[in-house]
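Novice: Those protein sequences? They're chains A and B, same order as listed. Under the working numbering, think of the first position of the first sequence as 1, with each following residue one higher. Under the working numbering, think of the first position of the second sequence as 1, with each following residue one higher.
By construction, these hints were calculated from the structure, which means they are not laboratory data. Some hints here could point you the wrong way.
Said to hold, decoys possible - Reference listing, derived: stretches of chain A covered by chain B, where coverage requires no fewer than 3 residues with Cβ under 8 Å from a Cβ of chain B:
#	region
1	108-119
2	178-188
3	371-379
Glycine included, C-beta positions come from ideal geometry on N, C-alpha and C.
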Amino acid sequence: MTTKLLTALLLGTSILGSAGLAHAEDVTLNIESWRGDDLAIWKDKLIPAFEAKNPGIKVVFAPSAPTEYDAALGAKLAAGSAGDLITCRPFDKSLELYKKGNLADLSALPGMENFSPVAKSAWQTDDGKASFCVPMASVIHGFIYNKDAFDKLGIKVPTTRDEFFAALDKIKADGTYIPMAMGTKDLWEAATMGYQNIGPNYWKGEDGRAALIKGTQKLTDKDWVAPYEELAKWKPYLGDGFEAQTYPDSQNLFTLGRAAIYPAGSWEIGLFNTQAQFKMGAFPPPVEKAGDTCYISDHTDIGMGLNAASKHADAAKTFLSWVASPDFATIYANALPGFFSLNSSPVKMADPLAQEFVSWRGKCKSTIRSTYQILSRGTPNLENETWVESANVINGTDTPEAAAKKLQTGLDSWYKPAK
Amino acid sequence: MAADIRPKRPFRWHIAIFLAPAVLVYTAIMILPLAGTLQLSLFRNIEQHQVFVGLDNFRTLFGDPNWSVNFWNALRNNVWFFIIHMLVQNPIGVMLAALLSSPRLRFAAFYRTAIFVPTILSFVIVGFAWKLILSPLWGVAPHMMDLVGLKSLFTPWLGKEEYALTALSLISVWQFVGIPMMLIYAALLSIPEEVIEAAECDGITGLSQFWKIKLPLILPSIGIISILTFVGNFNAFDLIYTAQGALAGPNYSTDILGTFLYRAFFGFQLQVGDPNMGAAIATMMFLIILGGVCVYLFLVQTRLRRYQF
């Protein structure tokens, strides 16, 4: 008797439920993402802002764990159960999805004109003809410094390399602070915060990067070896036992006030603001002579694309146009200091450190990490080899020339630039 | 005529039925995946299709310097990893067992437990704890060495190419020394009293009793431990991965076959995984372990003398 009643009840609710669904005309869009950390920002700020302007479209942000994202997304796309909007990893992972026909072509989407070619490069076909994701955010490299330490030692913020090394010498001579907080144990610090941070000034940003892809420049050229020569000079300024210093060690050394300069990526801002008890400032990678054009690594990191199989493509495109708008950029950049909008229209940000970072876009030329586009498709993988060799150069196990030669030999073994 | 009539034996179904559970489970979770791996290593993904390429993956593995240098480096490191275990872990295990089985030792149960505890710890805990202990910034190792005036001997071991692998091997020894200790301890306990008493009557006591009476009796156990260590070491991966990451730094100096396989199969960072090359490496690992076990079974174990009491 009870089971019958229960069945009847369940049947009743299911009919009522579907009736409710059929009644509502709202379109619901699902967003696939690996940024579980941003759940609150999407739910409380971004989605309400969009829904207020676009009645009739409901948006659900449904993230999965970063390590599972690519596999889970692939499985869902294959099964046809993936969300309408897909958060895009930069470069090859998304390009592969586009080639398989999972991502729609968005070249003609209203709002795409708000982005510069560099910003779009992470989600374009190799020839640059089709764009398939709206760029959302990038991270900028530079150096964060302990302002109190600089004031105490009377150091001016360095703008040239000579000033930079003079400052390091002064901090080292004083002995209160470790001049620079960086370790080589996790390898990527040396490559990402080291080589890719200071490198663009030497290889002239996009010019050098494009020439490398075209094959007119090689990693053994002077412009590409010189950053390694500078990295090799960093060794004496790193803390004791930097060979076994991990990335969290470096973060802690700096936020505890034991180190004066931290080669950084802007994603640190949020964490550093909550942990450091002292005033912080930031400066872009120093140039050779005062007045030289400066170049910064403004690396595209996250974008959003349209599932080609989406049933609500028009609503999804409305949403993507909004993602491409300055409105979205302002909310996003302020909620996540350190993840900068790629939108060409300037975004007002409240965080002073984030403001400092983003102000470099005005005076310096932006580029992305040299190894990410096209050049890391083969074996040996250029990005991973760059990690190992950058650490080797700082550790002193390889000379800058030897490291560059190894990288170029590895690249030559599979990469044949189109002539 | 009678000789022609053989009594027809009924098929013995019960053998098949009793074997079935073990055979089925073992086939499903061991033999099929193994066969799958071997098969995968003979194919290659060309334009999104799996194409049979024979031994081409192995030719790449050994012929292409981009792969072979890494493979031989990983194998060399793995051999060194094994040598350290054989030279340090097993003698210490035997020694601890001998000490524990001494009837005059007090708190034997406590020591036994304390030494065995690390074995049941997770690799992640061991890797992380030792990374902290040996940290040049906040580790207790530099501090304690300072207390006894040996600070000058401290270096960031895990970050130096020449020491990192040895340091990790010793961490692994610390973790697993309990296993040889337990096995040898059990073997020592199973030596009958009469044999020991007879030895004592002949005036063999103390150390010489260990060398002349006990050690020969526990040799088969030591053989088993050696082969367990061999299989365990050539399958090792977890500790290196948790302590040094998938790139097994610095400069691939701690790269062993397990981490090399991981990078090839699953990919890492921007490197896309290549299941076929990964399977080729896994096949080589299988053959190396198979070879080692065969050498042990056919050359060593048959010559070990067993004593029946």
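Novice: So, for every hint listed, does it hold in this structure?
Specialist: Going through the hints against the structure:
For the region 108-119 of chain A, the proposed coverage by chain B is not satisfied: 0 residues have a C-beta within less than 8 Å of a C-beta in that chain, short of the threshold of three. Here the region 178-188 of chain A counts 6 residues with a CB under 8 Å from a CB of chain B, which clears the bar of 3, and the coverage holds. Counting residues of the region 371-379 of chain A whose CB lies closer than 8 Å to any CB of chain B gives 5, which reaches the minimum of 3, so the coverage claim holds.
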